[in-house]
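FYI, UniProt numbering numbers position 36 of the sequence shown as 36, with every residue one higher than the one before it.
Check before you lean on any hint, since a few could be wrong.
List time: in silico SDA-like cross-link candidates among lysine to any residue, alpha-carbon distance up to 25 Å [as the list claims (entries may be wrong)]: (1) 378 with 235; (2) 317 with 12; (3) 110 with 320; (4) 9 with 130; (5) 184 with 202; (6) 240 with 208; (7) 530 with 280; (8) 530 with 432; (9) 101 with 81; (10) 442 with 317.
With beta-carbon atoms standing in for the labels, derived distance ranges [said to hold, decoys possible]: (11) 362 with 232: 45 to 55 Å; (12) 524 with 568: 41 to 51 Å; (13) 191 with 220: 21 to 31 Å; (14) 110 with 380: 21 to 31 Å; (15) 368 with 232: 57 to 67 Å; (16) 191 with 271: 23 to 33 Å.
In case anyone wonders, no lab produced these hints; they're calculated from the structure. Heads up, the beta-carbon is just placed ideally off N, CA and C, and yes, glycines get one too.
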Amino acid sequence: MRELQHLNKYFFKYKFKLLIGIVITIVARIFLLFTPRLVKDIFTVVEKYKNGLASGERTIQSELGELILYIIGAAIIAGIFTFLMRQTIINVSRYIEYDLKNEVYQQYQKLSLNFYKSNRTGDLMNRISEDVSRVRMYAGPAIMYTINTATLFIIALIYMFNEAPKLTLYTIIPLPILSVIIYKLSKEIHQRSTIVQVYLSKLSTFTQETFSGITIIKSYGLEPQTTTNFDNLSEESKEKQLSLVRVQAFFFPMMILLIGFSNLIVIYIGGLQYINGEIESLGTIAEFIIYVNMLTWPVATVGWVTSIVQQAEASQKRINEFLKLQPEIQNNVEEPTEIQGNIEFKNVSFTYGDTNIEALKNISFRLKQGETLAIIGKTGSGKSTILDLIGRLYDVSSGQVLIDGTDITQTNLSSLRESIGYVPQDAFLFSDTIKNNIKFGKAEATDEEVVNAAKYAQVHKNIVKFANTYNTILGERGVTLSGGQKQRLSIARAIIKNPEILLLDDCLSAVDTETEEKILNNLNVISKGKTTIIVSHRISSAKNADKIIVLDNGEIVQEGTHENLINTDGYYKNLYLKQLSTKEIH
Numbered sequence: 001m002r003e004l005q006h007l008n009k010y011f012f013k014y015k016f017k018l019l020i021g022i023v024i025t026i027v028a029r030i031f032l033l034f035t036p037r038l039v040k041d042i043f044t045v046v047e048k049y050k051n052g053l054a055s056g057e058r059t060i061q062s063e064l065g066e067l068i069l070y071i072i073g074a075a076i077i078a079g080i081f082t083f084l085m086r087q088t089i090i091n092v093s094r095y096i097e098y099d100l101k102n103e104v105y106q107q108y109q110k111l112s113l114n115f116y117k118s119n120r121t122g123d124l125m126n127r128i129s130e131d132v133s134r135v136r137m138y139a140g141p142a143i144m145y146t147i148n149t150a151t152l153f154i155i156a157l158i159y160m161f162n163e164a165p166k167l168t169l170y171t172i173i174p175l176p177i178l179s180v181i182i183y184k185l186s187k188e189i190h191q192r193s194t195i196v197q198v199y200l201s202k203l204s205t206f207t208q209e210t211f212s213g214i215t216i217i218k219s220y221g222l223e224p225q226t227t228t229n230f231d232n233l234s235e236e237s238k239e240k241q242l243s244l245v246r247v248q249a250f251f252f253p254m255m256i257l258l259i260g261f262s263n264l265i266v267i268y269i270g271g272l273q274y275i276n277g278e279i280e281s282l283g284t285i286a287e288f289i290i291y292v293n294m295l296t297w298p299v300a301t302v303g304w305v306t307s308i309v310q311q312a313e314a315s316q317k318r319i320n321e322f323l324k325l326q327p328e329i330q331n332n333v334e335e336p337t338e339i340q341g342n343i344e345f346k347n348v349s350f351t352y353g354d355t356n357i358e359a360l361k362n363i364s365f366r367l368k369q370g371e372t373l374a375i376i377g378k379t380g381s382g383k384s385t386i387l388d389l390i391g392r393l394y395d396v397s398s399g400q401v402l403i404d405g406t407d408i409t410q411t412n413l414s415s416l417r418e419s420i421g422y423v424p425q426d427a428f429l430f431s432d433t434i435k436n437n438i439k440f441g442k443a444e445a446t447d448e449e450v451v452n453a454a455k456y457a458q459v460h461k462n463i464v465k466f467a468n469t470y471n472t473i474l475g476e477r478g479v480t481l482s483g484g485q486k487q488r489l490s491i492a493r494a495i496i497k498n499p500e501i502l503l504l505d506d507c508l509s510a511v512d513t514e515t516e517e518k519i520l521n522n523l524n525v526i527s528k529g530k531t532t533i534i535v536s537h538r539i540s541s542a543k544n545a546d547k548i549i550v551l552d553n554g555e556i557v558q559e560g561t562h563e564n565l566i567n568t569d570g571y572y573k574n575l576y577l578k579q580l581s582t583k584e585i586h
């Protein structure tokens with residue numbers, strides 16, 4: 001139960017609704033427990049008239065009719081309060097589910113990129129959906145039935161002891177046996193529930209990766225192999241589920257057996273006591289049988305609730321593993337920071353924690369507001385890492401990144417990222433309309449602003465050819481678009497934001513050189529006064545930059561302007577001559 005203590009703050013938040021639910025539960029059980037006593041009274045009336053002990057003007061029909069009306073009335077009132085009980089306690093569990101999902105989602109947003117590199121998407125989804133749903137069962141039905149069972153037991157046992165103490169003691173003999181069985185089985189359920197949840201995460205991860213990579217699977221004809229792998233994983237998951245079910249299956253038969261045994265005790269011991277005159281009426285035996293059968297479902301739910309609690313604890317433990325993680329990137333400044341766009345790297349080195357690859361080594365450069373920097377280099381030379389450090393997706397291993405002369409760690413994180421327009425190398429689009437994908441950079445943008453941004457990104461002509469133009473729904477990750485169209489939509493998304501800092505990470509690699517030239521000319525117009533960094537492997541993208549640096553193996557091996565570098569032997573000049581011969585430079 002230690003892991004489930006995380007939910008205490010939510011129980012406190014909704015304490016008044018829970019307290020009302022508890023009171024309603026108690027009232028509902030009290031009215032429900034009127035029935036056994038009224039049934040006893042019916043037997044007493046029948047015996048009275050049979051033995052000729054009736055007196056007065058009332059008939060047996062009137063007395064029985066009155067008692068039956070009382071039973072119906074008590075049942076109706078108990079039913080109404082039972083409905084209200086579910087409307088309070090179960091609703092609270094839904095509120096807690098909502099709050100917990102939001103808490104997990106917000107934590108996911110805070111965690112660094114290293115976290116997502118070391119955890120699979122399917123597992124993350126399973127914890128925020130399947131695991132949270134299991135926790136909700138604890139916060140709602142488990143609590144409701146626990147209160148219901150406890151109330152019913154306490155009130156019923158008080159009634160029973162008042163009526164026939166000796167018979168009550170014989171009736172509850174099976175309960176200690178039941179407690180021992182529950183304790184033994186619940187430990188086993190907890191262990192097997194944890195394993196089941198792990199396999200559910202594996203299945204979610206496998207299917208998510210399969211659907212995301214369906215193009216590759218079909219291209220390589222791997223459907224049979226993928227199906228076989230899925231079947232094997234499903235079979236293992238099924239075995240773990242059945243293993244859990246086999247243990248859970250012991251609960252209900254065992255409880256029915258013990259309740260049936262209690263009924264036999266009531267009939268046998270109660271019958272002997274009636275014969276010996278220890279109890280006055282056969283109605284007492286009937287009353288006890290109803291009590292015992294009323295307790296059948298609550299006793300059965302003890303096992304069910306125990307199973308729910310064990311599964312919820314296993315799920316909450318998995319959730320807590322992530323909730324307890326401290327984000328590597330912390331916002332150290334609460335007050336908003338005004339960003340102008342001056343950027344400076346001072347002897348920056350960076351090593352990726354998950355691979356221990358040293359991506360940058362002693363990098364230094366300075367970029368004033370409104371200037372454009374181009375970064376050229378081979379694949380894996382550290383170009384994209386520089387952009388990640390500017391967006392503070394990672395913190396440097398050593399050295400300093402300065403924004404407007406202030407260490408980036410002392411800049412408000414939200415202000416920093418709101419001031420950046422970032423176009424990644426691998427353009428990511430959402431399963432939404434083209435318009436909303438562009439407006440992702442500026443939610444309140446007008447239709448005119450959306451169209452202008454698309455025109456600057458040279459994608460407007462493509463969009464208007466679609467049947468629904470800007471209201472066209474894109475497939476997952478923009479699968480319905482070409483690579484060049486996806487890149488240009490990403491550029492439009494950054495342009496509409498009108499940021500102080502514009503970061504372009506090889507975002508024109510899938511665009512032909514003619515379109516690239518038009519986009520670059522447009523960017524030169526709209527980036528006036530904005531600090532721009534262009535990462536590219538094309539000289540045509542870099543030639544008009546105020547500064548150019550060439551990276552190799554994480555180090556700056558050349559820097560200067562286009563004119564300086566094409567007249568200096570080195571990587572830049574060789575790349576220029578090679579691309580000039582293939583007409584990639586205009």
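Here is what the structure says about each hint:
no.	hint	verdict
1	378 with 235	violated, 46 Å
2	317 with 12	holds, 20 Å
3	110 with 320	holds, 15 Å
4	9 with 130	holds, 21 Å
5	184 with 202	violated, 29 Å
6	240 with 208	holds, 21 Å
7	530 with 280	violated, 96 Å
8	530 with 432	violated, 29 Å
9	101 with 81	violated, 30 Å
10	442 with 317	violated, 38 Å
11	362 with 232: 45 to 55 Å	holds, 49 Å
12	524 with 568: 41 to 51 Å	violated, 25 Å
13	191 with 220: 21 to 31 Å	violated, 40 Å
14	110 with 380: 21 to 31 Å	holds, 29 Å
15	368 with 232: 57 to 67 Å	holds, 59 Å
16	191 with 271: 23 to 33 Å	violated, 45 Å
Hint check: violations occur at hints 1, 5, 7, 8, 9, 10, 12, 13, 16; the rest are consistent with the structure.
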